[in-house]
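Peer 1: Protein chains in written order, with the numbering used here: chain C, 9 to 481; chain G, 59 to 260.
Hints were generated in silico from the structure; no laboratory data involved. Please note: incorrect hints may appear among the correct ones.
[Stated by the list, open to error] For each label pair, taking beta carbons as the anchor points, the in silico distance ranges come out as:
hint : chain 1 : residue 1 : chain 2 : residue 2 : range
1    : G       : Val112    : C       : Gly431    : 16 to 24 Å
2    : G       : Asp183    : C       : Gly337    : 29 to 37 Å
3    : G       : Val112    : C       : Asp94     : 45 to 53 Å
4    : G       : Val112    : C       : Gly341    : 32 to 40 Å
5    : G       : Asn113    : C       : Asp322    : 43 to 51 Å
6    : G       : Val214    : C       : Glu31     : 28 to 36 Å
7    : G       : Leu232    : C       : Glu330    : 20 to 28 Å
8    : G       : Leu229    : C       : Thr111    : 42 to 50 Å
9    : C       : Arg326    : G       : Val220    : 30 to 38 Å
Here the structure is a predicted model, which is why all the values come from computation and not from measurement. Where is the CB? At the ideal position from N, CA and C, for every residue including glycine.
As a plain string of letters, each chain reads:
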Amino acid sequence: MNRAKTLIEKIWEAHVVRENPGEPTLLYIDLHLVHEVTSPQAFEGLRMSGRKVRRSDLTFATVDHNVPTTDRTKPIEDPISKQQIDTLRQNCAEFQIPFADITSQDQGVVHVIGPELGLTLPGKTIVCGDSHTSTHGAFGALAFGIGTSEVEHVLATQCLQQQPPKTMEVFVSGKLGTGLGAKDLILGLIAKYGTAFGTGHVIEYRGPAIEALSMEERMTVCNMSIEAGARAGLIAPDQTTYNYLRGRRFAPEGAAFEEAVKVWNGLRTDPGAEFDERIEFDASSIAPQITWGTSPGMGTDITSRVPSPEDFADPVVRRSAELALEYMGLTPGTPMSEIAVDRVFIGSCTNGRIEDLRAAAVIAKGRKVAKTVQAMVVPGSYKVKHQAEQEGLDIIFKEAGFEWREPGCSMCLAMNPDVLQPGERCASTSNRNFEGRQGRDGRTHLVSPAMAAAAAVAGHFVDVRTFAVNEEI
Amino acid sequence: MEPFISHKGIVAPIDRANIDTDAIIPKQFLKRIERSGFGQFLFYDWRFNADQSVNPDFVLANAPYDQASILVAGPNFGCGSSREHAPWALLDFGFRAIIAPSFADIFFNNCFKNGVLPITLPESDVALLIELSTKNPGMMLTIDLKEQKVVREDGVSYHFDVDEYRKMCLLEGLDDIGLTLQHADAIDKYEQSAPFSVSITA
Numbered sequence: 009m010n011r012a013k014t015l016i017e018k019i020w021e022a023h024v025v026r027e028n029p030g031e032p033t034l035l036y037i038d039l040h041l042v043h044e045v046t047s048p049q050a051f052e053g054l055r056m057s058g059r060k061v062r063r064s065d066l067t068f069a070t071v072d073h074n075v076p077t078t079d080r081t082k083p084i085e086d087p088i089s090k091q092q093i094d095t096l097r098q099n100c101a102e103f104q105i106p107f108a109d110i111t112s113q114d115q116g117v118v119h120v121i122g123p124e125l126g127l128t129l130p131g132k133t134i135v136c137g138d139s140h141t142s143t144h145g146a147f148g149a150l151a152f153g154i155g156t157s158e159v160e161h162v163l164a165t166q167c168l169q170q171q172p173p174k175t176m177e178v179f180v181s182g183k184l185g186t187g188l189g190a191k192d193l194i195l196g197l198i199a200k201y202g203t204a205f206g207t208g209h210v211i212e213y214r215g216p217a218i219e220a221l222s223m224e225e226r227m228t229v230c231n232m233s234i235e236a237g238a239r240a241g242l243i244a245p246d247q248t249t250y251n252y253l254r255g256r257r258f259a260p261e262g263a264a265f266e267e268a269v270k271v272w273n274g275l276r277t278d279p280g281a282e283f284d285e286r287i288e289f290d291a292s293s294i295a296p297q298i299t300w301g302t303s304p305g306m307g308t309d310i311t312s313r314v315p316s317p318e319d320f321a322d323p324v325v326r327r328s329a330e331l332a333l334e335y336m337g338l339t340p341g342t343p344m345s346e347i348a349v350d351r352v353f354i355g356s357c358t359n360g361r362i363e364d365l366r367a368a369a370v371i372a373k374g375r376k377v378a379k380t381v382q383a384m385v386v387p388g389s390y391k392v393k394h395q396a397e398q399e400g401l402d403i404i405f406k407e408a409g410f411e412w413r414e415p416g417c418s419m420c421l422a423m424n425p426d427v428l429q430p431g432e433r434c435a436s437t438s439n440r441n442f443e444g445r446q447g448r449d450g451r452t453h454l455v456s457p458a459m460a461a462a463a464a465v466a467g468h469f470v471d472v473r474t475f476a477v478n479e480e481i
Numbered sequence: 059m060e061p062f063i064s065h066k067g068i069v070a071p072i073d074r075a076n077i078d079t080d081a082i083i084p085k086q087f088l089k090r091i092e093r094s095g096f097g098q099f100l101f102y103d104w105r106f107n108a109d110q111s112v113n114p115d116f117v118l119a120n121a122p123y124d125q126a127s128i129l130v131a132g133p134n135f136g137c138g139s140s141r142e143h144a145p146w147a148l149l150d151f152g153f154r155a156i157i158a159p160s161f162a163d164i165f166f167n168n169c170f171k172n173g174v175l176p177i178t179l180p181e182s183d184v185a186l187l188i189e190l191s192t193k194n195p196g197m198m199l200t201i202d203l204k205e206q207k208v209v210r211e212d213g214v215s216y217h218f219d220v221d222e223y224r225k226m227c228l229l230e231g232l233d234d235i236g237l238t239l240q241h242a243d244a245i246d247k248y249e250q251s252a253p254f255s256v257s258i259t260a
C-alpha cells in the first residue's frame, strides 16, 4: 500500500519533470498568468538571449496594476504607466500570448479573472509574477508568486526549479459569527500567529469552517496566505468548487467535466497523512477584525483598543509596535471603533468579487457615506462590474455616495492615480497595510467589505454587527 | 549574472523587523521596463523627505554608510510582494549581501537570481552586528561563500548555511534557464502526459 500523502504532495508529484539528488526539482507549470509590472524585463531577457515562449497556450496576460479606474475611453495620463501597458500589448502580440487588454470584457485583476474564466482548475500548478497568486489555491491548485527572473524561466521552459515545500495544516474549527466573513477569518489567523508562521511552507486549510466557505470566500483566505509568509495556500476541491467551475469558458465541458471531477475527487489529503506543521484556529473565537499597525499581523477585534507597545514582551515586536503606532498616528488605549476614517477602498484581489460587493451593498443600502469620507468601489473585473450592475448594486453604492469605478488593482497598491494623500486614514479591503502602500504617509486599516462600508457610513470604524440591516438586497 | 565568491564591504544596519518590499522600493518606481537604474529609489520614503530632500536621520544618507555593500536588518526581511525590483534596487545601490535572522521566501529566492547573497544568522548574532556597525561607522565584514563564513575585522567569524545548488550557481554565476533547457528532453516527455494541463487556445 502506498504511503498516505497530503494534497500538496500529490500535486507536487504529478508535476515533477526531473529529479536529481543535490539539485532542485524541475516542476512543470500548467498555467502562467502575466501582468504588466513584473513581465517587461522577462520578455526583454527572452529577446536578448534569442529564446521563445515555450507554451503560449498555457499563458494568459492582462493589465491590472497600472490601469486607471476612471473612463477607459480616455488616454492614460501617466506616460510611464502607458508605456508599461503598451509594452505588454506588444510582447503578447510578438509572442502570441492570449491577452485581455484594457478595454476587453475579460479584463480585471489577474487573480479575479483566472477563476472567472475557468483558467484556474484543481490540480494545476499556477504561477504569476505576483505574490497574491496564492488566491488560486482555493481551487485545490498549487499556486504561488514568482519574481521576474522566474517569469522569464517559465516563459522559456514552462518549468521552474523548485525545492519541495514543507507542508502545514491550518485546521479551522467552529463557525464564523453573524456579520463576519472570510476576511475576518484570515486577518484573525494572522493576528494570532504572525506574518511569518507560514514561511517555507505551503498551507492546506481544512476543517468545518473552511468547508462551509463559498468559493469566493475561499479565495479571500488563500489570497492572504502570503501575508502569513507561506509560499502558497490551498483548499481541497469539493462540490462547492465544481459548482463554481461548471460552465466557465476554459473549464472542461460536458462529459469531459464529469471525467475531470473524477480526477479532482482524488485531490484530497489521505487519512493519516502527516504534515510538517499543524496549527488550529477556532473561527468562533473572533469578532470582526481590523488592523491597527503597518503589518497585517498587527490586527485585533473591532471591540478592542489600540494596544500599547508595553503589551508586547518581545523587544523586536515592541519596537515594531512603537514605529507602527507613530506612523499610524494612534494613541494606545483608543477604542478601535473611535478611529475616524478619511477614505474607504472596497476592491482588490482579496475582496473585489461579487460576493464582496454584495456584502458591502447590504450595509450601504439606504444609507449615506459620511460627509467627511471619500469612498470608492472598484470591481475586481469587468465581469464582476457587469454582474453588480445587473443586480443594481452600482445604484445602491452611487445613491449612498460611493464612487463606482472601472476594474483594476487601484488603491490596493496605488500604482495608478488612486492614491492616499499624506496623513489620510483609509478603511481598505485590500491585503497590505505597509507604510506607504496606498500612498506616502497614508494610513491603512485592513478590514472586510462589510466593515469598510460601515466605516464609510459612520465616518469611523464601527462594529458592523451593531449596524441594523433593514432588508436583504 | 555576476558570480559571488567572496566579498568585503562596509556594513549598514537597519534595526527594524518586517522590512517589506514596499519600503525597499515603493510602487511608483516599478513602472520602468528595464532591470537597471533602481538604486536611486532604494528605501525612497526613508531616504528622502516628502519634499525630496535627503533625510539625514536615515542610515544610508550618511558617509560612510552610503558606501555600504552589506546590509544587516531584522527578521522577515523582504516580506510582501514578489517584485524583483527589490533585489534589483539593492544591487544597483551597491549591496551584494543582506544579513538577517529570517527572510520572506520569494525575496530570498529572487536574491539568488541576481547575485545578491541573503545570509541567515541567529537573532543574537544579527543584533550584535547591528550594534557594532551602528557604533563603528565604516565597519567592514568579509563574506566567504566557499567557506560559508562571515568574518569580522577582529577575526570573529560566523558560519552560515546555504543550499549547495544555489551556492554552486552563485559561485559560478550560472544561468538558470540555460541549465533547465539542458533537460528539454525531459520536458518534452512530461508534456506527452501532463495530466493537469489545459491548452487555452484549444
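Peer 1: List in ascending order the numbers of the hints, as given earlier, that are violated by the structure.
Peer 2: 3, 5, 7
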